[in-house]
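Q: Sequence:
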Amino acid sequence: MNKNYDNLIRLLNKAAVDHHVYEQNRLNGKYDENWAEWYSIYLINNGINDYTEEKLNIKKLKEVLLEVTKKFKQSNYKQDWGDLVAKILLE
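Quick note: the sequence shown uses the UniProt record's numbering, first residue 1, plus one each step.
Hints should not be assumed to be uniformly reliable.
What the hints assert, rightly or not - Simulated crosslink set (SDA-like; lysine to any residue; CA at most 25 Å straight-line):
| no. | residue 1 | residue 2 |
| --- | --- | --- |
| 1 | K87 | Q24 |
| 2 | K78 | N57 |
| 3 | K78 | I88 |
| 4 | K55 | Q24 |
| 5 | K3 | G47 |
| 6 | K14 | W35 |
| 7 | K3 | V17 |
These aren't lab readings, by the way, just hints derived from the structure by calculation.
With the hints as constraints, model all of the structure from the sequences given.
A: Following this line, the structure appears as structure tokens:
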């Protein structure tokens, strides 16, 4: 794809790892019902806007993540969730 895609994938993968640690350590292994907000804050704080044309705020990014997840669950998308998020953010 391109450099921004690669950087987004790296950032999303790091977010996934760090979120898992957060769930294990802070939530005692429980599912994070507010995962989209956690991801949005994390991604904004870690420079996601360096890789996207549209400059996102936490609220907008949370909406995007929830919508992408809904589409991902309803489809037979063959790639992973992060791939779909990156592609949609770069549209």
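Q: If a hint holds in the structure, say so; if it doesn't, say that too.
A: Taking the hints in turn, this is what the structure says about them:
1. K87 <-> Q24: violated (29 Å)
2. K78 <-> N57: violated (29 Å)
3. K78 <-> I88: Roughly 15 Å separates the two Cα atoms, so the pair holds.
4. K55 <-> Q24: Violated, at roughly 31 Å.
5. K3 <-> G47: Given that 25 Å is the threshold and the Cα spacing comes to 14 Å, the pair holds.
6. K14 <-> W35: Since the Cα atoms of K14 and W35 sit roughly 14 Å apart, the hinted pair holds (cutoff 25 Å).
7. K3 <-> V17: holds (21 Å)
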